[in-house]
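Undergrad: Spelled out from the first residue to the last, the chains are:
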Amino acid sequence: MKVQRLQILDDDGKLLNPDLEPNIPKETLIRALETMVQVRLLDEKGIRLQRQGKVTFHIFTKGQEAHVAAALALSDDDWVYPAYREHGIALFRGFSLEDLVNHLFANIKDKEKGRRLPGLFGSLKHNFVNPSAPIGTQIIQAAGTAYAMKMQKEEKVTAVFFGDGASSSNDFHSGLNFGGVTKSPVIFICQNNQWAISVPFRRQTAAENIVDRAKGYGIEGIQIDGNDFLAFYTAVKQARERALRGEGPTLIESITYRVTPHTSSDDPKAYRSEEEVKKWEQKDPIKRFKNYLIGKKYISEKDYEKMVERNSELLDELIDKAETLPKPGLSTLFDDVFETIPPYLLEEKEELLEFYKEA
Amino acid sequence: MKVQRLQILDDDGKLLNPDLEPNIPKETLIRALETMVQVRLLDEKGIRLQRQGKVTFHIFTKGQEAHVAAALALSDDDWVYPAYREHGIALFRGFSLEDLVNHLFANIKDKEKGRRLPGLFGSLKHNFVNPSAPIGTQIIQAAGTAYAMKMQKEEKVTAVFFGDGASSSNDFHSGLNFGGVTKSPVIFICQNNQWAISVPFRRQTAAENIVDRAKGYGIEGIQIDGNDFLAFYTAVKQARERALRGEGPTLIESITYRVTPHTSSDDPKAYRSEEEVKKWEQKDPIKRFKNYLIGKKYISEKDYEKMVERNSELLDELIDKAETLPKPGLSTLFDDVFETIPPYLLEEKEELLEFYKEA
Amino acid sequence: MVETNMVGAINMALREEMERDESVVVLGEDVGKDGGVFKVTAGLIDKFGPERILDTPLNESGIIGFAVGMALKGMRPVAEIQFIDFIWPAADQIISEAAKFRYRSGGEFTVPMVIRSPYGGGVKGAHYHSQSPESIFAHTAGIKIAVPSNPYEAKGLLLSAIRDPDPVLFMEPKRIYRAFTQEVPEGEYTIPLGEADVVREGSDVTLVSYGSMLHVTLDAALMAEEQHGISCEVINLRSIVPLDIETIGRSVTKTGRFISVSEAPRTAGFSAELSALVAERWIEYMESPIFRVTGYDTPFPMILESQYLPTPERVLAKIVESYNY
Amino acid sequence: MVETNMVGAINMALREEMERDESVVVLGEDVGKDGGVFKVTAGLIDKFGPERILDTPLNESGIIGFAVGMALKGMRPVAEIQFIDFIWPAADQIISEAAKFRYRSGGEFTVPMVIRSPYGGGVKGAHYHSQSPESIFAHTAGIKIAVPSNPYEAKGLLLSAIRDPDPVLFMEPKRIYRAFTQEVPEGEYTIPLGEADVVREGSDVTLVSYGSMLHVTLDAALMAEEQHGISCEVINLRSIVPLDIETIGRSVTKTGRFISVSEAPRTAGFSAELSALVAERWIEYMESPIFRVTGYDTPFPMILESQYLPTPERVLAKIVESYNY
Ligand SMILES: Cc1ncc(C[n+]2csc(CCOP(=O)(O)OP(=O)(O)O)c2C)c(N)n1
Ligand SMILES: Cc1ncc(C[n+]2csc(CCOP(=O)(O)OP(=O)(O)O)c2C)c(N)n1
Ligand SMILES: [Mg+2]
Ligand SMILES: [Mg+2]
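From first to last, the protein sequence lines are chains A, B, C and D. Taking the numbering used here, the leading residue of the first sequence gets 198, the next gets one more, and so forth. Taking the numbering used here, the leading residue of the second sequence gets 198, the next gets one more, and so forth. Taking the numbering used here, the leading residue of the third sequence gets 88, the next gets one more, and so forth. Taking the numbering used here, the leading residue of the fourth sequence gets 88, the next gets one more, and so forth.
Watch out, some of these pointers could steer you wrong.
What the hints assert, rightly or not - Calculated pairs, DSS-like style, for lysine-lysine (alpha carbon to alpha carbon, straight line, at most 30 Å):
# : chain 1 : residue 1 : chain 2 : residue 2
1 : B       : Lys546    : B       : Lys242
2 : A       : Lys475    : A       : Lys350
3 : D       : Lys120    : A       : Lys475
4 : D       : Lys341    : B       : Lys546
Derived from the structure by calculation, the hints contain no laboratory data.
Take the sequences, apply the hints, and build the full model.
TA: So this is what it looks like as structure tokens:
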């Protein structure tokens, strides 16, 4: 039994099925494209900064920018648990590029106080949960957050992103099961980009599709072309409506591809062919979405180029500023372990401050 | 979509579908019945001993004795990971009632050296793995054992039992996934007895059936009437053949019912009605299997009564003997932590022995 | 005032706190109609319904991860792990998630939740219904640990734990769940986390313990007094993190002798931490070795559990050894 | 003899042992074509194929549980956990299963397996690529723990670990994976688990450490000698369980001063155990407090990791304090 995959735009960005075209205001669509462009630029500049030794680490997003569609389909009040390639959602919701750049530099203005690998940031104000590094842990947490929303009688849903690798994690299993049995308003979005570092999807599981798991938890499932902005939007929107109607969770399997190395620490030459990558680059989500907007005459190619240029310059400015800022001070080491610092930890803090004052 | 459930005997033990009747020698069938009778008797006597304070704890098996069929369908060389209601398999394979009774009393002849709750025993000789108490852990281990068999090029399979509650455990998820992706010769047998202590199946998961999970791991699945000895036998036999043909794992969901309390510590009055229990008592696996054998003229009602009586007397004798045996000695406390006792542990041992010599 | 045992006191605390604060939710295996396998949550489902007293699937990382997600969204979950021996599937959600959320998010995302769990030996529960893993969680920055030793403390500490803005592991000594009753006030009172209690004053030897071992320790102190005329000061920690180091220091600088009693295996148990603290701060006061009486470095046994566990006699022997050193 | 770094030495050990013993199997995430994220298993798949160098799904409890099942059936699995920070999903399979199988089955079912994992800070890995949880597993009866501090030891200890009849956690100090090379013999040699190494003799202060902290400790010892004329004896534990208590005793009864150095958070870390052992056995020899230099009781930081971790200077300060006490 072959699973049906929702696709609305073809690989060039033409409407495959006009009946399914969602009705989204022009300005919103353009703003979405701009966000995708920002995400792409952050990728290009981020890896350069890492290569230059200016930031410690880089996680790529290139090729998975269609996730921004989820930000349109959701309300800003809905909670989102990202994996680590979904910062487009925070940006679309208004998390500032400046904050993000400061975070990458782990400088004194970094909200995460220089504690996290660059890219692992969250924002309570934007209902964008601070991600872990251990894979999969957010899936069950998202189910719990959705349950809380139900108890609090709020008209909200929780959406959670994770990879194909994460589908093997324990928290995938408990997350879908707890979400299902409590009928909580949660949307599980698997970004099946075919690779978990060097492990290909066919070695991650013998299942043909991740979406085949939905039935085993008594929840709804749908597979989409994950590089198709409109399909992404539509699936999330429908899942949200179902959730708000009290019909429980949906598992969305987004078929996409990691065209980049896993992170700045990875070299895919050891384990995969360039051909596969090339093939997928044809399905680039930005290209497709941009062409769709050009086809609708919402923008021109020229507009797009300007958009890229403008954002590139903006980012360069922010980077220049961020680079000069100092790192967080020594005493921050002991903040936020608990709300209030207990006596034994205060002693440790004083010991350390004393030592480095002397030294 | 309703799942098909394999059933060969009706609730009275008559053949529903003679075409599906497996071909098993008469003597083997009678021996299987005797094993089921022994398991039932151990249940009755075990709880009495616990009530009398002679053993510390009792785990019930009543109503799930059809699992003995798996012992017939498997080769004695196949490994079996029991949950804790499958000792019929060990008995059928020749694990002696005497050893089992000594184990219940945790006396000096207990192979587990008085360390385990009564009922949690294994036997390497019988390829019957010593069970845990943490639920579900054996499922992934069984997959690993099956993988080892494949690497060792042995014509063997591994079968693992677990409950409906255990289907929620993390190791269910990893077990089925690892088993599937490595195409290991493992048979996953879920004894879905509708309850996990006080939690009914419908609160364990929103899935309609556990067997619905098979597809999500790319493995075969079948649901059976778990109180039907012949269905049980047939499903395990087919799964074994598939496994040996290199076609990978099968998930068998055996629909059965826990007609007893969970253990001697449990009182189901708090959480379920007696009616449901009554209904299921009509489907008693021993009654059905016995009637089948009577129908085939392999035994008479009288033979059956004698079988019960004989085994009851035997067990009483063994119990009388086991009761008089002393408990394991103090020094056994430090055995088997490692193969060889390291110096620090030897010191602890000497400290303890010295203390209790003095005391 | 109600005369009740520890099970009753915890039940009372949960009931009152759930009445006071809508955001408190209880979840775990069998916590609903069954009232928990020890009946600690008995009757709560009748009052608060199955949404707030949530029977979960059998998955401990699920229970804790779900609770973390609820706590992030403003609830105050009280998650039960049926026996603390079954907490390991949840280790990742506790160690990597609950304990680190505040820190990793620069203080933005917080996880005010309680993990309640019966722990400890003495009930013939064998390997998997007997363990005391407090040192493992004490080594995990970002989580507090409370261990009551009587019904009064159980209620007062649990209320503090539920109201704490950070995750708290609340370890319930099941061996004394029903061992004795005590007057417990109805309504609100709290015992702060981080304050030890000197339950017996003395001048010769300092004994430190918590949970059910406190009673073993107290029995030993009594025997020491009666049989040997040795005066022991007994400190009940009540919370392990934060630890009340000051109270320990005050006592040990007075007595010059120190023994801690805990039932977990010796190596790297919490008693090791107590010894280390005393040895790095007050060694010049010490008149004898810094002792610990603990379980042994073996899995928890069944038939031999009374020999495995510290007994008043074993503690007494160390008291005498320390005193006569 | 081959001049190689720790990565090379471990790779050599695996390769040779897999040639010698068919039952040895390597499994973990990315151990195959990728050769592991640190390239420790590089090239092995070409030689031994994808069945014996098994790339697993992303699930650590799966990796360990699967390995337990293989070990029970006579294989010798060497399971890799990509970073020890990701070991927590496997805590149950390690603590409840691997460590207890022999005991719970009265010696019948055994689990000869190795868990290899890079641990420790110093690579700007932040919370989840930096931790050192050895004390947690040291508290778990039934599992041994080895921690090499150089390439030669890495190979010799790993061979012992693979051949050990019981589960061994083999912790690899990733910070020094490639920090230096050393002559490592080709072919068979083993370093027994449970024997410490006195890597520097001295008379004034005993320093105990292991893994990458050993080098910090040695630097401090050198500075103490050069800058203050203090003679430090440095003990490299090499295995934490079993622990070579005798070698520690021999040294501390000679020097009368003791400092242990470990990078994990202080509370209930393995340094606490070392302090406790010294304090209960040799207190009358002590001329100064029993010190520990450790990480702090916070999650592992990133930007501030060099301040979080023990440095030669911090160890030196304690040496001087101990000496001048
Ligand atoms: C529990 C855990 N194990 C291992 C890792 C190391 N690791 C980081 S990312 C990754 C692969 C994740 O793959 P996937 O979920 O498909 O996400 P993708 O990177 O493809 O977006 C691994 C193995 C981890 N972070 N956490
Ligand atoms: C990890 C874990 N959590 C909780 C328990 C307590 N417990 C013992 S049996 C049981 C229910 C098991 O239900 P199921 O798997 O359906 O098996 P059944 O008892 O019905 O045969 C529970 C919750 C446990 N043993 N292990
Ligand atoms: Mg992926
Ligand atoms: Mg069940």
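Undergrad: It remains to establish, for every hint, whether it holds in the given structure.
TA: Verification of the supplied hints:
1. Lys546/B / Lys242/B: With Cα atoms ~37 Å apart, Lys546/B and Lys242/B exceed 30 Å; violated.
2. Lys475/A / Lys350/A: With Cα atoms ~48 Å apart, Lys475/A and Lys350/A exceed 30 Å; violated.
3. Lys120/D / Lys475/A: holds, 21 Å
4. Lys341/D / Lys546/B: holds, 28 Å
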